[in-house]
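**Student:** Okay, here's what each chain looks like letter by letter:
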Amino acid sequence: MRRALPREHFEKPLWHTPFHPRIAALMTHEQWYGWGGYLSPQVIRDEEMEYFAIRNAASLFDVSPMVKYRIAGPDAEAYCDRLTVRDVSKLKPGRVHYTAWCDDEGKVLDDGTLFRFSPTEFRLCCQERHLPWLLDSAIGYDVEIAEVTEDIAALSLQGPTSYAVLRDAGFAGIETLKPFDIRAFETAAGPVTVSRTGFTGDLGYELFVPPDQALALWDLLWTAGQLHRIVAIGFAALDLARLEAGFIMAGSDFVPAEHAIRADRRRSPYEIGLGWLVALDKPRHFNGKRALAAEKAKNAFRHCLVALDIDGNVPAEHALVYHRGKREVGHITAAAWSPTVKRNIALASMTRPYGDTVVNDLWVEIYALRELVYSKSLVRARIVERPFFNPKRRSATPPGVF
Amino acid sequence: MPTPSFDAIVVGGGHNGLAAAALLGKAGRRVLLLEAADAVGGAARTVDLAPGFRVPEIAHLANRLHPEVVRRLDLKRHGLAFAATNLATTSLSVDGRPLTLAGAFGERLEGDIAEAERVAWAALRGKLLRFSGVLAPFLSQVPPRLKNGGIADMMTLGKLGLGIRRLGRDDMREFLRMVLMNIADVLDEEITDDRLRAAVAFDAVLGTSLGPRSPNSLMTLFYRLAGQANGVQAATALPRGGMGAVVAALASAATASGVVIRTGAGVASILVEDDRATGVVLASGEEIRAPLVASAMNPATTLLSLVGARHLDTGLVRRLTHVRSKGTVAKLNLALDGPPPFTGLGAEGLTGRLVTAPSLQAIETAFDAAKYGRYSDEPALEITVPSATDPALAPAGQHVVSINAIYAPFRLKPDSEAGREAFEARILAVLERHAPGIGSRIVAKDFLTPADIERRHRIPGGHWHHGELSIDQMFMLRPVLGLAQYATPLAGLYLCGAGSHPGGGVSGAPALNAVSRILADGKGSSLFAAGGKSRR
Ligand SMILES: Cc1cc2nc3c(=O)[nH]c(=O)nc-3n(C[C@H](O)[C@H](O)[C@H](O)COP(=O)(O)OP(=O)(O)OC[C@H]3O[C@@H](n4cnc5c(N)ncnc54)[C@H](O)[C@@H]3O)c2cc1C
Chain A
1 MRRALPREHF EKPLWHTPFH PRIAALMTHE QWYGWGGYLS PQVIRDEEME YFAIRNAASL
61 FDVSPMVKYR IAGPDAEAYC DRLTVRDVSK LKPGRVHYTA WCDDEGKVLD DGTLFRFSPT
121 EFRLCCQERH LPWLLDSAIG YDVEIAEVTE DIAALSLQGP TSYAVLRDAG FAGIETLKPF
181 DIRAFETAAG PVTVSRTGFT GDLGYELFVP PDQALALWDL LWTAGQLHRI VAIGFAALDL
241 ARLEAGFIMA GSDFVPAEHA IRADRRRSPY EIGLGWLVAL DKPRHFNGKR ALAAEKAKNA
301 FRHCLVALDI DGNVPAEHAL VYHRGKREVG HITAAAWSPT VKRNIALASM TRPYGDTVVN
361 DLWVEIYALR ELVYSKSLVR ARIVERPFFN PKRRSATPPG VF
Chain B
403 MPTPSFDAIV VGGGHNGLAA AALLGKAGRR VLLLEAADAV GGAARTVDLA PGFRVPEIAH
463 LANRLHPEVV RRLDLKRHGL AFAATNLATT SLSVDGRPLT LAGAFGERLE GDIAEAERVA
523 WAALRGKLLR FSGVLAPFLS QVPPRLKNGG IADMMTLGKL GLGIRRLGRD DMREFLRMVL
583 MNIADVLDEE ITDDRLRAAV AFDAVLGTSL GPRSPNSLMT LFYRLAGQAN GVQAATALPR
643 GGMGAVVAAL ASAATASGVV IRTGAGVASI LVEDDRATGV VLASGEEIRA PLVASAMNPA
703 TTLLSLVGAR HLDTGLVRRL THVRSKGTVA KLNLALDGPP PFTGLGAEGL TGRLVTAPSL
763 QAIETAFDAA KYGRYSDEPA LEITVPSATD PALAPAGQHV VSINAIYAPF RLKPDSEAGR
823 EAFEARILAV LERHAPGIGS RIVAKDFLTP ADIERRHRIP GGHWHHGELS IDQMFMLRPV
883 LGLAQYATPL AGLYLCGAGS HPGGGVSGAP ALNAVSRILA DGKGSSLFAA GGKSRR
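Chains A and B are the protein sequences, given in the same order.
Residue numbering for the first sequence follows the working numbering, starting at 1 and increasing by one per position.
Residue numbering for the second sequence follows the working numbering, starting at 403 and increasing by one per position.
Hints should not be assumed to be uniformly reliable.
[Claimed, not checked] Taking lysine to aspartate or glutamate pairs in the DMTMM-like style, the calculated list, with each CA pair at most 25 angstroms apart, reads:
1. B:LYS728 with A:ASP136
2. A:LYS298 with B:GLU675
3. A:LYS282 with B:ASP677
4. A:LYS90 with B:GLU675
5. A:LYS12 with A:GLU30
6. A:LYS376 with A:ASP281
7. A:LYS298 with B:ASP676
8. A:LYS298 with B:ASP923
9. A:LYS392 with A:GLU258
10. B:LYS728 with B:ASP848
11. A:LYS298 with B:ASP848
12. A:LYS282 with B:ASP555
13. A:LYS326 with A:ASP356
14. A:LYS282 with B:ASP848
15. A:LYS92 with B:ASP923
16. A:LYS90 with B:ASP676
17. A:LYS296 with B:ASP848
18. A:LYS296 with B:ASP676
19. A:LYS282 with B:ASP440
20. A:LYS296 with A:ASP239
21. A:LYS392 with A:GLU175
22. A:LYS296 with B:ASP677
23. A:LYS90 with B:ASP848
Keep in mind that the hints were calculated from the coordinates and are not lab data.
Build out the structure end to end from the sequences listed, making use of the hints.
**Tutor:** If you want it as structure tokens, here you go:
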């Protein structure tokens with residue numbers, strides 16, 4: 001289904017999502033940005049309030065621009081298995097898993113979530129658009145692939161009180177939904193598909209409806225959420241939460257292989273901390289397997305992605321990482337002062353062996369702009385475990401009521 | 403399952419498959435060759451046209467049979483002989499003024515032609531032969547790997563560079579200026595005689611989807627000129643017994659080195675286990691195992707149909723599905739109850755190769771139709787009369803005529819399929835114009851369009867080269883990037899047919915290169931290298 005473009009579409013090149021009327025009504029500072037061709041909020045009212053809603057109450061984020069593909073047919077499982085690096089035969093109907101997919105050379109094209117609705121129907125959600133790749137990958141498979149981004153409106157409801165919001169909104173039985181489960185619910189806003197997933201590392205859910213039900217769903221959650229301090233949020237708050245959760249993002253923490261102009265910017269899953277996804281032992285062949293197996297056999301990884309705990313409280317955005325304060329060995333891809341763990345955290349892409357076997361004596365050179373003058377400081381950085389923040393409530397079933 | 407009794411299976415018994423099998427056999431491997439058709443030879447067979455008449459079914463002229471193949475397999479001892487070598491090419495003209503290019507690529511011009519033109523031709527010919535000579539090694543050796551290449555790869559590249567440098571400064575500049583030109587522009591600069599221009603342009607475009615004015619049509623001429631026949635560069639020859647004689651000699655050499663040849667044995671799929679090719683399954687369901695499978699059939703068909711996309715990465719699948727392989731040449735074979743009555747051509751003329759194209763522009767116009775999915779109104783023809791030098795091919799006093807006709811596009815406009823008969827009639831009309839009365843002498847004929855060739859010989863698009871021979875599908879990009887080294891992503895599976903570098907024509911070169919690659923790979927591995935010799 002394609003919406004016809006309005007005649008003057010070029011005057012406002014960013015499209016409105018189905019939730020736009022509600023978000024626009026709450027928006028005070030007009031801090032929008034473009035996400036996959038849609039107008040999306042960066043901040044709706046106040047970045048800090050929005051962030052704290054994620055960690056202390058309930059946050060509502062419009063994820064409709066997330067790219068979604070429907071994959072269905074007798075060969076759907078075999079197809080998803082050949083496309084992605086994880087073993088899809090282990091993904092049961094009604095479950096979601098996080099995964100990644102590679103080109104022939106084993107370089108990551110994107111990461112995303114794979115939903116399995118039935119033995120023969122899947123949905124792939126991701127950041128980048130891949131239809132030509134997905135279609136060419138389907139040669140030889142009895143499977144139908146369609147981009148359904150526009151056909152599905154999606155909301156991410158995240159935070160400790162998110163369960164309570166859904167319960168009060170009439171999602172009967174939501175308490176038994178486990179992390180990475182998918183289930184359909186009958187609600188006052190019509191049928192809603194819910195998965196217990198999210199990008200915050202907290203208790204949370206993602207909800208999917210046809211676009212014409214979008215506003216009814218928003219209103220249902222908004223009304224039920226008032227008692228539970230629901231806050232509509234923009235991407236800025238989410239970006240901080242995802243860093244605390246240690247999630248990486250295409251375009252920020254790695255360059256999708258299809259976008260990389262410089263061949264050495266492409267990364268294999270092993271080089272961006274996604275090695276654990278790669279099922280080299282799964283029975284079916286998958287894209288990039290030969291290259292990845294060879295890379296692994298020869299231990300030929302050139303890079304690695306690490307989590308850093310950095311001295312001080314100045315976010316190390318865009319900073320370089322040094323060994324012994326001299327040798328440049330990596331760069332920061334995401335950094336922030338974490339209000340929740342109260343540490344100066346960052347993700348960094350490192351050139352091996354630094355970050356891999358050489359893990360001590362790492363320094364970060366931070367430039368902080370203070371009243372138009374840069375102050376430069378070389379501070380200590382320690383490699384720590386990801387995620388930085390991983391609360392128990394994230395996975396407790398039934399979820400707690402906060 | 404009994405232990406495999408073959409070290410290698412070669413799929414496809416065209417001349418390349420036979421050459422690969424024979425070379426592997428010579429290297430001590432126990433080889434099984436599987437051919438789907440009832441006879442080996444592929445597009446290089448001699449067939450019965452009518453009782454007492456035998457014709458080269460498709461390929462008729464030998465101009466690139468690799469001397470290494472002839473030498474290593476001792477093909478002369480296995481019966482290979484030529485009925486005629488160093489064939490002259492005669493550019494026919496309806497007004498009875500044929501121009502003959504005698505010797506290799508018109509060493510001498512015979513016929514009425516201006517002196518200035520002779521001089522200009524001698525200079526251009528010399529230049530083209532020098533330049534194709536520089537490319538010749540590149541056009542026959544294993545193409546270099548650009549990334550992670552070894553010493554051999556650097557040597558190949560280095561030799562090309564050196565060859566270009568050796569041309570001297572002026573020639574080097576000229577080479578670099580010309581290398582990507584089209585043949586029409588080259589001829590426009592130097593030659594005015596229509597018959598000569600047409601004959602040269604014809605050689606450049608025959609077997610390709612190019613017209614004389616299409617980009618890079620000089621490269622395809624270089625490809626042709628880089629070949630040799632019986633030791634003479636750019637020459638053409640007629641094997642005694644038709645092209646099938648090459649096949650017969652190869653089959654004899656193969657058998658002599660222990661190769662088992664099975665015909666009527668179409669391969670339905672290649673077995674893959676643990677990312678290795680481990681054998682084949684025949685259309686009959688029979689399973690045959692061997693640690694090495696060399697495919698001498700089309701590369702895209704091999705990988706997409708016999709192996710299956712499921713074992714390949716998407717990027718490779720994508721490239722394979724994009725290989726352009728749409729033939730443009732139709733074949734008409736005639737049996738005549740007397741000699742073909744070509745105007746102004748004595749008995750001597752019939753022993754050579756005849757080309758009918760009134761002008762370079764006429765070829766370009768013929769190509770225009772093909773570009774838009776129609777058969778040419780005025781096809782250009784390459785004609786041989788094999789029985790003129792090889793009387794055994796026809797009853798006494800009678801003849802067989804073998805004709806390549808361009809352009810017959812594989813992909814036709816929806817309403818043009820019916821044009822098949824009309825196209826055959828147009829070929830006969832052109833023939834009639836040059837040989838009045840020839841039509842009434844026909845006692846049997848066989849007409850093949852690219853679609854017919856695809857059906858009969860399993861050649862995608864009926865393409866001369868098993869994939870268009872153009873810059874983007876040559877050298878390191880043939881058949882596609884990542885497969886140019888004859889090896890495939892599946893261990894134990896190699897490609898060795900015309901779809902691989904350097905390309906088509908009856909040469910045996912892809913097989914020769916592939917086998918040297920296979921043997922080099924085999925050296926380090928115990929898998930099948932130990933096999934043959936010790937058991938033999
Ligand atoms: C009209 C025309 C005219 C030509 N004229 C000339 C010429 O005059 N001179 C010249 O040098 N070249 C000429 N050529 C080109 C030349 O004929 C080919 O390039 C060459 O014969 C290709 O040889 P090959 O062994 O690589 O492939 P092929 O000859 O195509 O052999 C492949 C073999 O594989 C077999 N095969 C396919 N699939 C299977 C399967 N699944 N299982 C088992 N077997 C299978 C086929 O039956 C076939 O026998 C001409 C080509 C055409 C189309």
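**Student:** Now look at each hint and say whether the structure bears it out.
**Tutor:** Each hint, compared with the structure:
| no. | hint | result |
| --- | --- | --- |
| 1 | B:LYS728 with A:ASP136 | holds (21 angstroms) |
| 2 | A:LYS298 with B:GLU675 | holds (22 angstroms) |
| 3 | A:LYS282 with B:ASP677 | holds (12 angstroms) |
| 4 | A:LYS90 with B:GLU675 | holds (22 angstroms) |
| 5 | A:LYS12 with A:GLU30 | holds (15 angstroms) |
| 6 | A:LYS376 with A:ASP281 | violated (48 angstroms) |
| 7 | A:LYS298 with B:ASP676 | holds (19 angstroms) |
| 8 | A:LYS298 with B:ASP923 | holds (19 angstroms) |
| 9 | A:LYS392 with A:GLU258 | violated (37 angstroms) |
| 10 | B:LYS728 with B:ASP848 | holds (21 angstroms) |
| 11 | A:LYS298 with B:ASP848 | violated (58 angstroms) |
| 12 | A:LYS282 with B:ASP555 | violated (35 angstroms) |
| 13 | A:LYS326 with A:ASP356 | holds (18 angstroms) |
| 14 | A:LYS282 with B:ASP848 | violated (53 angstroms) |
| 15 | A:LYS92 with B:ASP923 | violated (43 angstroms) |
| 16 | A:LYS90 with B:ASP676 | holds (20 angstroms) |
| 17 | A:LYS296 with B:ASP848 | violated (57 angstroms) |
| 18 | A:LYS296 with B:ASP676 | holds (17 angstroms) |
| 19 | A:LYS282 with B:ASP440 | violated (41 angstroms) |
| 20 | A:LYS296 with A:ASP239 | violated (32 angstroms) |
| 21 | A:LYS392 with A:GLU175 | holds (16 angstroms) |
| 22 | A:LYS296 with B:ASP677 | holds (16 angstroms) |
| 23 | A:LYS90 with B:ASP848 | violated (58 angstroms) |
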